[in-house]
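Colleague: Chain by chain, the residues:
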Amino acid sequence: SAVISQKPSRDICQRGTSLTIQCQVDSQVTMMFWYRQQPGQSLTLIATANQGSEATYESGFVIDKFPISRPNLTFSTLTVSNMSPEDSSIYLCSVTPAPGTGELFFGEGSRLTVL
Amino acid sequence: RKEVEQDPGPFNVPEGATVAFNCTYSNSASQSFFWYRQDCRKEPKLLMSVYSSGNEDGRFTAQLNRASQYISLLIRDSKLSDSATYLCVVNDGTSYGKLTFGQGTILTVHP
Numbered sequence: 001s002a003v004i005s006q007k008p009s010r011d012i013c014q015r016g017t018s019l020t021i022q023c024q025v026d027s028q029v030t031m032m033f034w035y036r037q038q039p040g041q042s043l044t045l046i047a048t049a050n051q052g053s054e055a056t057y058e059s060g061f062v063i064d065k066f067p068i069s070r071p072n073l074t075f076s077t078l079t080v081s082n083m084s085p086e087d088s089s090i091y092l093c094s095v096t097p098a099p100g101t102g103e104l105f106f107g108e109g110s111r112l113t114v115l
Numbered sequence: 001r002k003e004v005e006q007d008p009g010p011f012n013v014p015e016g017a018t019v020a021f022n023c024t025y026s027n028s029a030s031q032s033f034f035w036y037r038q039d040c041r042k043e044p045k046l047l048m049s050v051y052s053s054g055n056e057d058g059r060f061t062a063q064l065n066r067a068s069q070y071i072s073l074l075i076r077d078s079k080l081s082d083s084a085t086y087l088c089v090v091n092d093g094t095s096y097g098k099l100t101f102g103q104g105t106i107l108t109v110h111p
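Line by line, the protein sequences are chains A and B. Sequential numbering of the first sequence, starting at 1, is according to the numbering used here. Sequential numbering of the second sequence, starting at 1, is according to the numbering used here.
If you are wondering where the hints come from, they were derived from the structure by calculation, not from laboratory data. Owing to the predicted nature of the structure, the values given are computational and were not obtained by experimental measurement. Since no wrong hints were added, every one of them can be taken at face value.
With a straight-line Cα cutoff of 30 Å, these simulated DSSO-like cross-link-like pairs (lysine-lysine) come out:
#1 K45(B) <-> K2(B)
#2 K42(B) <-> K65(A)
#3 K7(A) <-> K42(B)
#4 K7(A) <-> K98(B)
#5 K42(B) <-> K98(B)
#6 K98(B) <-> K65(A)
#7 K7(A) <-> K65(A)
#8 K7(A) <-> K45(B)
#9 K2(B) <-> K98(B)
#10 K45(B) <-> K65(A)
#11 K65(A) <-> K2(B)
In silico contact screen, one side only, chain A against chain B (beta carbon under 8 Å); selected entries:
#12 S42
#13 L43
#14 L92
#15 E108
#16 G109
Residues of chain A clear of chain B, computed beta-carbon distances all greater than 10 Å:
#17 R15
#18 T17
#19 D26
#20 R70
#21 N72
#22 T74
#23 P85
A virtual CB, placed ideally from N, CA and C, is assigned to each residue, including glycine.
Working from the sequences, and respecting the hints, build out all of it.
Modeller: Below is the structure:
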């Protein structure tokens, strides 16, 4: 298993500002993922955070809007840039200790409200 | 068509009831299948993997029908604590194994 700490747990932000979410894992993991869960919806993968290289973004998500850092095997950040109310969502960091197994461990999520 | 489709419910059942959830997926290359559980305002957690021959974990039984691209979850003797959203999850068949989540089925078990 893995213990994941995310912060902030929640925030209320003004339109046009940016917010950086941090994700800390208690062990070294190869793969870290960032998901978004909009109100009443399921999880959508934003990107895979790769250590030592650029993140791999899913269709519909771009680096300029969601820059990601992965400085080492236990930490990653996701920035939500130039926020609009449509970015109001829960953002979840997740890791898989065994890639391909389907077992993901999630952080508790960061609940973002954009006014 | 969505990649993973579930009946969103909600399902409202009394304690002790048996309830079944269905899920269909569109990617025939998918190799791995899972059910996750998400409690209200909490993160999802793996409930069980789904194997080709079907598998059971206590009161929970998962079935897979590859020909029909269909997955099910059966919960017997429902408990109040089973109230949650159940997410059907499918990988994309690659070695990297990107996961796609269904929208979830809401279950409420009442006394």
